[in-house]
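*Asks:* Letter by letter, the chains look like this.
2 protein chains.
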Amino acid sequence: MTIYNFSAGPATMPAEVIQEIKNDLPSYKNSGMSVMEISHRSALFEEIFQKAQQDMRDLLKIPDNYQVLFFQGGCTLQFTAAPLNLANKYHRIALLDSGHWAERAGAEAKRVGVKVDVLDSSEKDHYTKLPSLEKLQKDTYDYLHITTNNTIEGTAYTQLPNTDTTELVGDMSSNFMGQRYDVKQFGAIMAGAQKNLGIAGLTIVIVRDDLIGKVPNLPSMLDYQLFAKKESMFNTPPVFAIYAAGLVLQWLKNQGGIDEMEHRNRQKSGLLYDFLDNSKLFEAPVIKKDRSLTNVVFVTGNPEIDQQVVSQAAESGLVNIKGHRLVGGMRASLYNAMPYEGVEHLVDFLKNFEKNYRGKH
Amino acid sequence: MTIYNFSAGPATMPAEVIQEIKNDLPSYKNSGMSVMEISHRSALFEEIFQKAQQDMRDLLKIPDNYQVLFFQGGCTLQFTAAPLNLANKYHRIALLDSGHWAERAGAEAKRVGVKVDVLDSSEKDHYTKLPSLEKLQKDTYDYLHITTNNTIEGTAYTQLPNTDTTELVGDMSSNFMGQRYDVKQFGAIMAGAQKNLGIAGLTIVIVRDDLIGKVPNLPSMLDYQLFAKKESMFNTPPVFAIYAAGLVLQWLKNQGGIDEMEHRNRQKSGLLYDFLDNSKLFEAPVIKKDRSLTNVVFVTGNPEIDQQVVSQAAESGLVNIKGHRLVGGMRASLYNAMPYEGVEHLVDFLKNFEKNYRGKH
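Chains as they are written, first to last, in the working numbering: chain A, 1 to 361; chain B, 1 to 361.
It is worth saying that the hints were derived from the structure and are not from the lab.
A quick note: this is a predicted structure, and the numbers were derived from the prediction, not measured.
A couple of the hints might just be wrong.
Any copy, or any two copies together, can satisfy a pair, since identical chains are not distinguished.
Straight line, CA to CA, 30 Å or less: simulated BS3-like cross-link-like pairs of lysine-lysine [unchecked claim]:
1) K230 to K280
2) K230 to K288
3) K115 to K351
4) K124 to K230
5) K229 to K110
6) K51 to K22
7) K51 to K355
8) K22 to K89
9) K289 to K355
10) K214 to K288
11) K22 to K115
12) K253 to K115
13) K253 to K280
14) K360 to K289
15) K129 to K110
16) K110 to K253
17) K230 to K138
18) K184 to K229
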């Protein structure tokens with residue numbers, strides 16, 4: 001039975017990449033060593049590292065005046081690092097509360113003494129839509145933090161908020177490289193790798209040159225300027241995770257890049273949303289214009305039926321469609337590595353489930 | 001040609017572990033998913049995680065009143081986290097300066113406003129011996145930080161300093177599980193995984209219960225109490241690195257545990273040190289009682305000859321014996337996964353090199 005893994009992260013990776021990782025064991029490029037065993041200062045790794053960085057620049061069209069940095073610790077550590085590095089003038093940031101991860105970003109900023117103004121929240125709508133921002137009222141924010149894609153709630157920004165008077169900082173973890181954003185519109189972007197870029201334990205930070213190097217004496221592992229200077233190797237980087245990301249980036253290039261991925265993700269999520277919108281049993285609670293391409297949330301309204309859906313789907317090889325506990329119901333994560341056939345199978349399964357259910361009720 | 005990899009880290013791993021990782025691809029335990037793709041909340045990972053933790057407790061004989069925590073970011077991040085969590089009474093720590101990594105630990109503590117008293121330094125001896133501490137003079141330190149094994153300089157503590165009046169915090173990265181220490185003598189131990197425990201991107205913290213939870217409002221990714229409460233999963237942990245560490249821990253158990261490893265490491269390093277002490281070309285600069293079992297530093301005194309040694313060794317399959325740039329010369333890292341035969345080959349090579357060299361000079 002083919003397994004389709006709809007996990008929100010760590011998540012399915014391209015089958016070709018997994019095969020390449022297997023082929024590269026136990027000896028990478030005839031070195032007699034696996035990638036897990038090579039020094040981060042070795043020529044072998046230097047090649048992996050430079051290629052990954054360049055491929056990311058090419059794919060995302062990252063301008064030359066932006067740094068591409070590789071961290072550990074997930075975006076949660078960046079929720080600390082970003083305000084420490086970037087909130088250095090007003091010590092105050094703005095936030096659009098689009099759900100759990102936005103809230104967490106705000107909480108961490110406060111822990112390092114930065115003030116956080118929530119400009120709008122969609123909590124009252126149970127996060128089934130995005131908060132809105134017509135225009136920033138003040139120019140006394142170091143930046144506005146948004147979560148471009150809300151993994152748990154299933155929403156995503158297509159139109160970015162207007163931030164003429166401040167910088168935009170985006171947590172892009174769950175739609176990084178899954179749809180096109182213009183990097184120039186951001187002061188900084190952060191993204192965990194474990195959704196669309198390989199394995200857990202690697203975090204990407206893309207930040208504009210002129211924003212960094214303004215705060216002396218930061219803890220080294222949180223210092224954007226130091227990481228830029230040391231090419232992300234002040235200490236041992238997560239070598240294997242960077243290698244895996246490199247393979248995913250090469251795969252993305254081979255597949256046609258970000259625009260092709262966005263096209264496919266629109267097709268995949270479109271197929272599922274269309275079914276849900278026409279279903280009498282299932283419902284996608286997020287309003288149409290704010291729907292995520294990568295995390296499709298849906299419910300029956302009855303937790304017991306939801307539970308049956310999740311377990312019967314797993315028996316059919318459609319695994320990890322249980323919704324996050326904060327939202328309930330189901331969630332299908334359709335990252336770049338999820339093939340169209342996987343979504344077809346899921347929709348077929350849901351159709352059958354609905355048919356059987358209606359036969360009995 | 002068999003390759004023996006003497007890299008200081010990332011470093012050689014047991015061949016059986018690499019093979020097991022390969023065998024587990026692309027489908028782990030018939031799940032249809034690799035370990036890189038499974039959720040950290042899945043039953044599959046829960047089993048990996050609990051077993052790794054328990055095996056570590058068994059191998060190191062960790063008492064029940066110590067937490068075993070899994071972090072990212074290397075010990076460099078712990079150089080920030082440890083003072084933030086533990087230096088909460090006097091905001092002052094003591095340090096024994098045994099070289100580069102001790103110095104780095106002190107520098108990071110200062111960055112978070114903690115005072116650092118260097119009680120002794122062996123800098124004047126070019127770190128060819130350990131600093132000494134007869135007795136702490138004051139009881140106004142939150143802890144004494146030591147580096148149990150100095151990867152770059154090739155020294156290691158066998159006898160721990162007397163710290164009756166304060167806590168001992170040990171950076172054990174490069175001899176973690178390579179020789180026996182009594183965990184009870186430490187308030188906290190930190191160790192990066194990329195030397196003796198698998199792949200880069202995982203850091204272990206072992207800390208006594210009563211020392212944590214005293215500082216409110218720490219950044220979450222640096223908060224020992226929160227990591228204890230959330231079983232190291234406040235956010236996505238480095239799933240694959242924990243899996244790899246779990247395989248290494250199982251391998252260690254199969255091999256006979258830490259005492260057996262220490263025995264073997266003494267044999268391996270003894271073979272090399274014996275040769276060096278009897279050589280007329282090579283020399284081990286570290287004084288005998290302070291020599292590391294895992295990182296053997298040696299020199300000829302002539303950088304050009306050193307360079308020849310390093311490159312000819314590599315041609316013979318003995319790779320990565322170049323010394324750290326701060327010390328020069330050569331360094332052979334003999335972690336648990338380095339077999340005795342590797343050291344025999346290295347000694348044979350060095351003997352031949354010396355014979356040829358003396359023939360010409």
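*Asks:* Determine for every hint whether it applies to the structure shown.
*Replies:* Cross-check of the supplied hints:
no.	hint	verdict
1	K230 to K280	neither (56 Å within a copy, 39 Å between copies)
2	K230 to K288	neither (44 Å within a copy, 36 Å between copies)
3	K115 to K351	neither (48 Å within a copy, 65 Å between copies)
4	K124 to K230	between (45 Å within a copy, 28 Å between copies)
5	K229 to K110	both (28 Å within a copy, 21 Å between copies)
6	K51 to K22	both (20 Å within a copy, 24 Å between copies)
7	K51 to K355	neither (50 Å within a copy, 43 Å between copies)
8	K22 to K89	neither (49 Å within a copy, 50 Å between copies)
9	K289 to K355	within (29 Å within a copy, 77 Å between copies)
10	K214 to K288	neither (41 Å within a copy, 47 Å between copies)
11	K22 to K115	neither (47 Å within a copy, 48 Å between copies)
12	K253 to K115	neither (41 Å within a copy, 50 Å between copies)
13	K253 to K280	neither (40 Å within a copy, 56 Å between copies)
14	K360 to K289	neither (35 Å within a copy, 80 Å between copies)
15	K129 to K110	within (25 Å within a copy, 45 Å between copies)
16	K110 to K253	neither (39 Å within a copy, 44 Å between copies)
17	K230 to K138	neither (36 Å within a copy, 38 Å between copies)
18	K184 to K229	within (22 Å within a copy, 40 Å between copies)
Violated hints, listed in ascending order, are 1, 2, 3, 7, 8, 10, 11, 12, 13, 14, 16 and 17; each of the other numbered hints is respected by the structure.
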